[in-house]
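Chains as they are written, first to last, in my numbering: chain A, 1 to 142; chain B, 143 to 284; chain C, 285 to 691; chain D, 692 to 1098.
Don't read these hints as lab results, they were simulated from the structure.
Careful: at least some of the hints might be erroneous.
[Unchecked claim] Taking lysine-lysine and the BS3-like style, the derived pairs with C-alpha atoms no more than 30 Å apart in a straight line are:
#1 K638(C) - K110(A)
#2 K363(C) - K252(B)
#3 K548(C) - K834(D)
#4 K349(C) - K1045(D)
#5 K252(B) - K548(C)
[Claimed, not checked] If the Cβ cut is set under 10 Å, some of the chain D residues that face chain B in the computed set are:
#6 Y1037
#7 G1040
#8 T1054
#9 E1067
It should be emphasised that the depicted structure is a prediction, and the values quoted were computed from it without experimental measurement.
Here a beta-carbon is modelled for each residue, glycine too, at the ideal position from N, C-alpha and C.
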Amino acid sequence: MKISEIQQEVIEEFAGLGEWMERYNYLIDLGKNLPMIDQAYRNDEYLIRGCQSRVWLNAELREGLVHYTADSDAIITKGIAALMVRVFTDHSPDEILNADMSFIDEIGLKEHLSPTRSNGMVSMINQMRYYAMAYKSKLEAK
Amino acid sequence: MKISEIQQEVIEEFAGLGEWMERYNYLIDLGKNLPMIDQAYRNDEYLIRGCQSRVWLNAELREGLVHYTADSDAIITKGIAALMVRVFTDHSPDEILNADMSFIDEIGLKEHLSPTRSNGMVSMINQMRYYAMAYKSKLEAK
Amino acid sequence: MNDFPIDLIRKDFPILDQLIYGQPLAYLDNGATTQKPVRMIDAVNKIHREQNSSVHRSVNYMSEKMTEAYEQARQTVQKFIGAPESSQVIFTSGTTGSINLVAFSMGEAVLEPGDEVILSTMEHHSNIVPWQMACERYGASLKIIPITDEGDLDMDAYRNLFNKNTRMVSVTHVSNVLGTINPVKEIVRIAHSHGVPVLLDGAQAIQHEPVDVVDLDCDFYAFSGHKIYGPTGIGVLYGKQEWLDRMPPYQGGGDMIDRVTFEKTTYNISPFKFEAGTTNFIGAIGLAESINYLTGIGMDKIAGYENYLRDYATQKLSSISQLRMYGTSVNKAAIFSFVLNGIHPYDTGMIIDKYGVAVRTGTHCAMPLMQRFGIEGTLRASLCFYNTTDEVDRLYDALNKVIEMLA
Amino acid sequence: MNDFPIDLIRKDFPILDQLIYGQPLAYLDNGATTQKPVRMIDAVNKIHREQNSSVHRSVNYMSEKMTEAYEQARQTVQKFIGAPESSQVIFTSGTTGSINLVAFSMGEAVLEPGDEVILSTMEHHSNIVPWQMACERYGASLKIIPITDEGDLDMDAYRNLFNKNTRMVSVTHVSNVLGTINPVKEIVRIAHSHGVPVLLDGAQAIQHEPVDVVDLDCDFYAFSGHKIYGPTGIGVLYGKQEWLDRMPPYQGGGDMIDRVTFEKTTYNISPFKFEAGTTNFIGAIGLAESINYLTGIGMDKIAGYENYLRDYATQKLSSISQLRMYGTSVNKAAIFSFVLNGIHPYDTGMIIDKYGVAVRTGTHCAMPLMQRFGIEGTLRASLCFYNTTDEVDRLYDALNKVIEMLA
Ligand SMILES: Cc1ncc(COP(=O)(O)O)c(C=O)c1O
Ligand SMILES: Cc1ncc(COP(=O)(O)O)c(C=O)c1O
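Extracted from the complex, chain A is given alone in its bound form (with noise of 0.2 Å):
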């Protein structure tokens, strides 16, 4: 599936979710359900600054797409992490920059891409966008 399918998907599944109660309920589901982090990635190098809660994230080159995994110590953020991981990993370089980021807008979220420091998520995606932009160039040095 490409990015912008599966970011339909996500914002179909979200429009069936009543007020914050029940997306809150839906992040926590899928933060439980997020396969975690190899321990091995679980420490400061792979930390993501700016955020409240720990964010971890790595990124792999697997067959010219980018494999991502992330966990996070608080489990709305990593329930975050998680939507994000499903939506960008497994894809091209390429189809990952330029991705279009109005579906976080659309499922109500948008108050977790404000620009303050106490919410990572923005650095989470930007950290996503520079891994993506690093094996790019790799791929290309080849």
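Using the hints, position chains B, C and D with the ligands against chain A.
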């Protein structure tokens, strides 16, 4: 004449004056007639801190009374200085230190006594009092 | 506490009457910043509309009036904290600005290689980093007063930290995390017995109880306007005259000088020596209005009501068995830091926000204190005199909802 | 200038419509501080009444909104001055705060014994004293660009001041006394040809003409909120990213850190590294509103009208034969410093005040410039876009009255 009597005299003179223009003209005349400070005292040592116009003040003890002379490079300031000298000069330190200051308010010069640094009248009056204090303790030490 | 006119008081703070996500706001984040009484709001508005003009600098009517109001504000602060002279009240940009001023200028005046500065484990970063920077500049080092599990300073350890190299003590009056009200008078007494000056960080104290700097005998006292119901960008530093005279200026600029030549500059006297450039004079006048508002109510009455709130909230929160409280001193302000077992404070904060309960989560700019307790952060509810027992109940209910959702 | 809607504009500044000693106010002291448009006044009022909450620190709804507004204000400033990134816009307490920051942190980063800093004869004390203090700390010294009798920088002399020890140039964009608009682009070009960074003091420039920091290519640009129709207690420092990365922080406190332990503290990235403690976030948002108001009119339109006023006033004032003008550059803003022959500026100022004409007298925080001209002070009328030719006429008439009274 006692200080309080001179103050009363000054108040009456000012009562006869109209709006600010007449008051300023009166001060300007006073300034012009102020017997200038001895050139020897017109230097930084006798300069009063915190005036936008420069004000020099000297005081001498003459037979138990404090004799003030003053000068300024701005004419209105010089007029006000002349007024203060007229009120306070040649009185005993005690009388100067106990003098009531409300006459300044009554003659409409209160704005010149605001605690701003562009205006040195407060500093001048304080300096006159410091001299009085100094001479008082000198007299008492005898 | 039926004699505290809480309903009337809430009317003085227009911001309190609003809905957040459809729920009435319960603003319990007063440790971060406080709300503004109409009296101060209107004063600032009036200056902007009718009175604004530069202070100290011009000869015109408006400027004279503005200067008068600014110096009047200084006297209001002077009276409020019991400072002997208004020249001892310096307007700064906030507590952080005040402490940086002292750390820099006292650093220049007294710190030498090998010297020591005493802080405590419960300090806010604003009372740590400036001293670290000063110590680094002069080759001095920090000594830290440890705290007990309840969150009290270990006073015996404090006494033992002094030696012939001790040059300064800088501690908080009230902890912004634990709520502990420190025995500051005793702290000062001990320091003075070693000839060492003391700065008290009053950021969390000045708004909660009557403060008298002469009675405390502290050498410096610092606080922020925005935490005492005043504007942002304004703060106060009180200092003993002897130190203010000895300290070199911190910032250079207009108004702090006596005479400037390119070869040599001589400085003005205090407070002007420490107020370089155009100060936040409108902020200072706003702050004075907030103080006038508080003294109108009475700081003792405010303290009394806040203690009542503190007792109510202590009892209510301690009935939640999953709640672990940090800061259980018997001398405590209405500041509550806690964690719900197994639940990240950030999750808790996000959820109770949806119930209209505004708090703060994280390290509260006190990372060394977090390390002391081995935690990453807490949730902090900080109450003040416009809060109600009803709002405490709403916090309690919201926390129970969180436990339902996440435990 | 019939196309400049001066009547409408004056309505945006409620303070202008008042009587002083029974005379309509002619506020010609804009170099000291400027008046506030309703748009900014109402924005501050609204925050105080409805929105105030701490920025960057709390997880609650109000705090998120406030932080958004604060960071939005940063972007407004960024766009206004053409800064590449918002991280290059640092909120300070004012021009004085901005310059002290650079003098301290660049001092730490680059100054060593024997180094030199270039200033000019026409600098404001706020752009002299911080450098003197830094030079003293590091054993460096000042080199001064002389000026011509007209009040222009001597550019040949400037070129000759550089040597291998030159580390910094700091000059004003527009002189607060003479009105001279300095050739700052050329100044920067020359300094850069020697590898030396340049700070421009924009306190008197930013409100008068469009400024683009990328076009100027300056390394730092500093200005004050209160001089650009904004609140007091807020200022801006723009810096090139490479310098902001190299410079150590200036003040220590909350928000400027990454991690704090008593052993070692690591710092946050710019702009936060330089914004210690709770900033004047309400002031910053107010400043952004003033900027939005100005861009709504158009800075080029404002400059055009102010140039028209400048020409009118120049012609009018030069027709007074007893008037000696200081600052007669062909590149000049609407700032007029002068002395009436044989009359002390203070007397002049006091008398015209009674006619409702508000100006400033004295040294204007530029004593070295006064020494250059061998005078004790001047009277300064500083005009801006809400002033009128009518007000210039009133100044002219009042000066003639002074001459009548005192000459
Ligand atoms: C050229 C110049 N630089 C610096 C300053 C200092 O600005 P502030 O007092 O707002 O810090 C001023 C104004 O007083 C000025 O005119
Ligand atoms: C104890 C304490 N000290 C210092 C500060 C810093 O105050 P400000 O950020 O207003 O400078 C705070 C508040 O954040 C505090 O709670």
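Structure-based check of each hint:
Taking the CA atoms of K638(C) and K110(A), the gap is about 15 Å. The hint holds against a cut of 30 Å. Only pairs whose Cα atoms come within 30 Å are accepted, and K363(C) paired with K252(B) is accepted, the gap being roughly 24 Å. This hinted pair checks out: K548(C) and K834(D) have alpha carbons roughly 14 Å apart, not beyond 30 Å. For the hint linking K349(C) to K1045(D), the alpha-carbon distance of about 14 Å falls within 30 Å, and the restraint holds.
Straight-line distance between C-alpha atoms of K252(B) and K548(C) comes to about 36 Å, which puts the hinted pair past the 30 Å bound. For the restraint placing Y1037(D) at the interface with chain B, the shortest Cβ-Cβ distance is roughly 4 Å, inside the 10 Å limit, so the hint holds. Here the hint on G1040(D) is kept, as its CB sits about 8 Å from the closest CB of chain B, short of 10 Å. Checking T1054(D) against chain B: minimum C-beta separation of about 9 Å stays under 10 Å; hint holds.
The criterion of a C-beta within 10 Å of any C-beta in chain B is met by E1067(D), whose closest approach is roughly 7 Å, and the hint holds.
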